[in-house]
Structures are given as structure tokens and as C-alpha cells.
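There are 2 protein chains.
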Amino acid sequence: MDRGLDRVAVDGLYLATLGFSGWQLGNAAAIAAEEAGRPGLPTLRVENACASGGYAIQLAVDAVASGRRDVVLVVGLEKMTDVSNARRRYWLGVSGDTEWERLAGLTFAGVYGLMASRYEAEYGPVRDALTEVAVKNHANGALNPNAHFQKPVTREQVNSAPSVAAPLGLYDCCPVSDGAAALIVTRPEAARRFTDSPVYVVGSGVSSDHLAVQERKFITRLDASRSAAEEAFRNAPVDRKGLDFLELHDCFTIAELLALEDLGFAARGAAGKMTLSGATRLGGRLPVNPDGGLKAKGHPIGATGVSQAYEVFLQLRGQAGARQVGGAEHALTHNVGGSGATAAVHLFSVG
Amino acid sequence: MDRGLDRVAVDGLYLATLGFSGWQLGNAAAIAAEEAGRPGLPTLRVENACASGGYAIQLAVDAVASGRRDVVLVVGLEKMTDVSNARRRYWLGVSGDTEWERLAGLTFAGVYGLMASRYEAEYGPVRDALTEVAVKNHANGALNPNAHFQKPVTREQVNSAPSVAAPLGLYDCCPVSDGAAALIVTRPEAARRFTDSPVYVVGSGVSSDHLAVQERKFITRLDASRSAAEEAFRNAPVDRKGLDFLELHDCFTIAELLALEDLGFAARGAAGKMTLSGATRLGGRLPVNPDGGLKAKGHPIGATGVSQAYEVFLQLRGQAGARQVGGAEHALTHNVGGSGATAAVHLFSVG
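For the protein sequence lines, the chains are A and B, in the order given. Residue 347 is where the first sequence ends in our numbering, and the numbering goes up by one at each step. Residue 347 is where the second sequence ends in our numbering, and the numbering goes up by one at each step.
Careful, some of the hints might be misleading.
The list cannot tell twin chains apart, which means a pair is met if one copy fits it or any two copies do.
What the hints assert, rightly or not - Only pairs whose alpha carbons sit at most 20 Å apart, straight line, appear in this in silico SDA-like list of lysine to any residue:
{"id": "1", "residue 1": "Lys213", "residue 2": "Gly36"}
{"id": "2", "residue 1": "Lys75", "residue 2": "Thr94"}
{"id": "3", "residue 1": "Lys269", "residue 2": "Arg83"}
{"id": "4", "residue 1": "Lys213", "residue 2": "Leu1"}
{"id": "5", "residue 1": "Lys213", "residue 2": "Ala32"}
{"id": "6", "residue 1": "Lys213", "residue 2": "Arg114"}
{"id": "7", "residue 1": "Lys147", "residue 2": "Leu99"}
{"id": "8", "residue 1": "Lys147", "residue 2": "Glu211"}
Calculated from the structure, these hints are not laboratory results.
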């Protein structure tokens, strides 16, 4: 049973937002506290591009663990549609490398297209697996009343879609979405004041990498994902085999495959086969992105990492409705900034 | 004796920056880690306008206190001069209220001008005290080889300067500066590995307030400063009377007077008299801004809060040269975002 939470119990707020559109560009955390009905709250804006949400969760966990705060509100939000597409492209671009990527005309779709091309060169054709990711995540999104796209797509639709950055087509790319998500983070004993069924954060890791893909040792690996997972699993009471589902950062379909490998759920080059086996579907051995992922749920930059944890909260409490992963008790979230310059991984458990 | 610190010992980085000019707008923390020679480091951008630096220090303190990190690098920086003045005004403005202030033409100088006007209406003439703040801080800046303005100004110069936002004139306003500052934050026992004379963070507090001045109960008080100080002094081993000097956020001269009152060093309306008595000069009872303050040292937004702590580091180690506060063992830093929507206060001690 949930007993609610009076907002006066909240004593800290972290706001995760890129804040790149026309609204408040500085000091937005103060507005977040006002809008939450708590002007005067200790409050801070966290900005690590698309990984802002995941990083904000770690800050909240540490603020509580250090004894600094009791009950922290984590808010992720982005309003992406109130600027023109041209201006949005600029703002998004400046979360990636400027010197070598953006000024050369390389968009994020372009960067991930290069990763996919290189992946194919190393491991063979990947189109079928990319299509499976898109079809699966749209199917999941169709079961999520909060998803941006709540409709399934067919393999034919995905395969015949216009090319965006070869080999990536339209259905390989997440949409531009407005959205927000919020969490309450507190100590286990305090959580019991508010609910009989809290969800526990049992691991937290963050990391970074070179901003420009060309500086990295491997183009087909996001090393920040690997090392963030390493920190998250260190001393955690759950291991990879114990997880019931994953929320992965599928800003492009290739990213879901890379994440499976970077995080240690598939051998290098084997994520496509794993995906095509159906293992990552709802009902499969290890469902991935039951909420539809960035692909179908949408990707409101600062909100994404927080919304992944919200999906875990629903799933581990058995409240995910038509997309419920049966008996889920342990889950992982994975949130990436830019093309892998920042990453955050969290582990959650119940019981 | 300092024994240096190998950069591989650093296991976390917080970057404080508004990042409002033409450079990296998102994911800048990843570049900071690269530039520090540690790509891959857990790293995060903190943005609370002009209070970003102070907030970043609290994050570093808590990351170490929670056991998450061992040795954290805090970097504050701003490059303000690579955009035009018109564009800069826009970017600075969006750290204040948009609806009621910026779109009505109210700049930050305008907001602080209103505060000063109201202060005069409540407490009587304040021009002499404002001038004393400007003269004092310029005199201190003249002793600081890292100050933006290293020249004294006379009372006559200040009083005959062009008006910016009455009653504030040119010398009542901090300049537009480029700058950066960095700190290493670690546990006391670890600090001894690197130096025989560390400086201890003995108190840390942050807070916020309504973004728009009109929403606040008092225009002549920054309540965020008051409540940040309350958190910082709670359980601290030093009280106000034990402090040897203060680093206050004097973005405008009136702000230094308000801070003395908000932080509990002067009664309401009495900061002018205290200032005119010479108490806040170098050699006075409680020196304020020995480094020249924002007024003369400069105010590179994200760097300011970090640079205040750097000044404390120098002073408490007896390394502040011509501007040394004799025998200083305890000090306070005070960092404000916008016109008081966010604030951070830290307490430092040696011995």
C-alpha cells in the first residue's frame, strides 16, 4: 500500500535537463523547486546531455547515503518541440563533438550510422537485427499508454523506410519528444513510511569517454557503458544472470545491440543473434525496453534516464499492465549521453 | 609540504559552468575529463547559474563523504568574451526570471538596482557604503595577481562613474570575465598523502528561492543565502564569531551589504555602517573579499564559487602574499546564482 508523501517531506531536488530550447537556460533548478511547490529547496541542475537523468539518480542516491538529505525528488524533463528543427539540430549537435563531428556535418544519426557500418564490417550483416529491435520496441510501446508511439510497425515498414544515415533508416531513430519523469529517492527505512512496496537502488555507476568517436579505441563499443556497469555491479547484491529485464539506451537501434555487448549480456558481435532469437522480447529470456525504449516511448533528453527508472519502479511493483514482465524482481537501467561520452547504469531490486 | 598528486589518483570530476557562450553546450563535463588527461572519469556538469561552483563543491564533498569517490576534481570555468555583448546579455538574462524580468527589459544590474533603491527606502542612504565596497574590493584586487582589475579606484571615480541602474554606477558592477579555477576534494586522511597542510571543509549548505524577485517576501533579502548558511553552520565546529574573513558574492556592491546581513554578520540595515567603519577592509575586524571579490577579481560565472574556495585555500595556508589576512584559520565562502534564486555557503578551517 502507498501512503502518499507530503511535499514538505522533500528536502532536496535534482533537475536533469539539457534545457536546449527557448526556455530557462540557466538556474532552471530554482524554477523546478518553485513548480514542485517547494521554493527554497536545495536544488541543482544536472546536465550530461542525454545521460543527465542517470547521473541525477546517482547524485540523489549519494545525497541520501551521505546523510545530507532525507527525501530527494529527481526530475528529468525536456521540451524539445518549441524550437524549429534547424535550431534543434544545432542544440542537439553541441552535445557531441564540435570540432571534428558537428562542424563536419555529422549528426548523431550520422555517428550511430558510422558505428553500425563499422559493426557490419567487423561482424557481418546487422540489418535484420536492427529491424527486430525497432519492431520489438514499437510492439512494447504499443502497450505503454505513456509512449510517444503507441503503434506496432512491421518488418516491411522498417525495411522500406527512408534512409537517414545508412544503414540506419527512419525507424532506426528515436523521435523528438517532449516529456518529463520524476522519482522520490530516500533511505530504505524512510521509504517504508510512504509505501509498503518500495523499490531499492542496489547499484549505481557512472562513467565517461572521449567526446569525439574518432578519439576512441573502438567505434563499435561504448566504453563508458562498460565502466559504468562495472561500478554499478561492484558490491551489488545482484549479478547479470539475476536480472529479469533491462532498460537500455536505444537512441538508435544499433545502440541497443552495442549496449547488450558493452554491458556484458552478449559476446562481441553476438547481440544481433541474441536479439533475433527473441530473447529480448516481452516473454523472452531477458526482455529489453518493455516500455518501448527511446525508440517508441520517446527520448525527451533529460527525462529519459529518469523515465527508465520509473519503468523499473512500475515493473518491480507489478504495475506495468499489459507490458508486465512476469515476476520481475531485479532490473538494470542504462542511460547514455551524446554518442557515449557519458553513461550511467543503475540496478534495482525488490524484496 | 605539498607532495603533488598524480592525476590517476583522481576518480571523479565536477564541472561548474553556465556554458552560455558559443562552445560546448551539452556534455561539456566529458571534455573537462579529457582535458584533465583523464578521459573516462565519472564526470558531471553542474549548472546553477552563478552559484554553479558552490553547488559543485557540495557535490564533491558528499561524493567523498558517501564513500563513492576518493579524490574529486572540481573545475569551475567560463569563457564569456567570445560572444557579442548583445548575445551575452541574452544568455545572462536567462539565468534570471524570463516572464516578469527579462522580457520586461530588466537586466541583473536592473534587479540589483531595484534592491538597492528599496534598501535605501527602508534604511536610508547607502551610496557611501556602496562606494566603500567598490574602493575596498578594487584595493584588494590590486594585491591579487590573478584579478581581472589590478588597480585601485578612488571614491571620486566611483561616485562620478556613469549610472548603470540607479543607484548603481559602473563601479558598482562586476565585470565580464573569462576565468577558471580548480580544487581537489578528498577525505582528511587521504589529503595527508598529498600535503602536510590541507584545508578542511567544515560546513556546507545550499538553498534556493523564487527565481523572480517579485515573488519573494523581501526584496532586500536573499533568503537563499540565509538558509544556505543555516545548513552550513549546522553541526559545524566553527561559528560566525570564529571566522577570520569572508568571501562574499559581490556581483554588485549592494550584494555585499545584503550578504553581510543575510548571513548574520550585520543586523538588518547595519551592513553599510559596518562597512564604512573599515571592519571589512584588509586589516579590519572581518575582512571581506581579500581577493578583490567579483567586483575586481572578476566574475567568470561557473568559476566564481570555485575561485572563492581557492582564495580560502591560499589564505588559510598563509600563501596569499600581499593580501594575506594575518593568522587566518577559519573562513566562509558565499556564492549566489541569479539574483538569489540559488545560493551556496561553505566553511573552511585549518589546524
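Status of the hints after comparison with the structure:
1. Lys213 with Gly36: between (46 Å within a copy, 12 Å between copies)
2. Lys75 with Thr94: Classified as between; 16 Å across copies, 23 Å inside a copy.
3. Lys269 with Arg83: Classified as neither; 39 Å inside a copy, 51 Å across copies.
4. Lys213 with Leu1: neither (47 Å within a copy, 27 Å between copies)
5. Lys213 with Ala32: Classified as between: cross-chain Cα gap 19 Å, same-chain 44 Å, threshold 20 Å.
6. Lys213 with Arg114: Within one copy only: 13 Å inside, 60 Å across.
7. Lys147 with Leu99: neither (36 Å within a copy, 41 Å between copies)
8. Lys147 with Glu211: neither (39 Å within a copy, 44 Å between copies)
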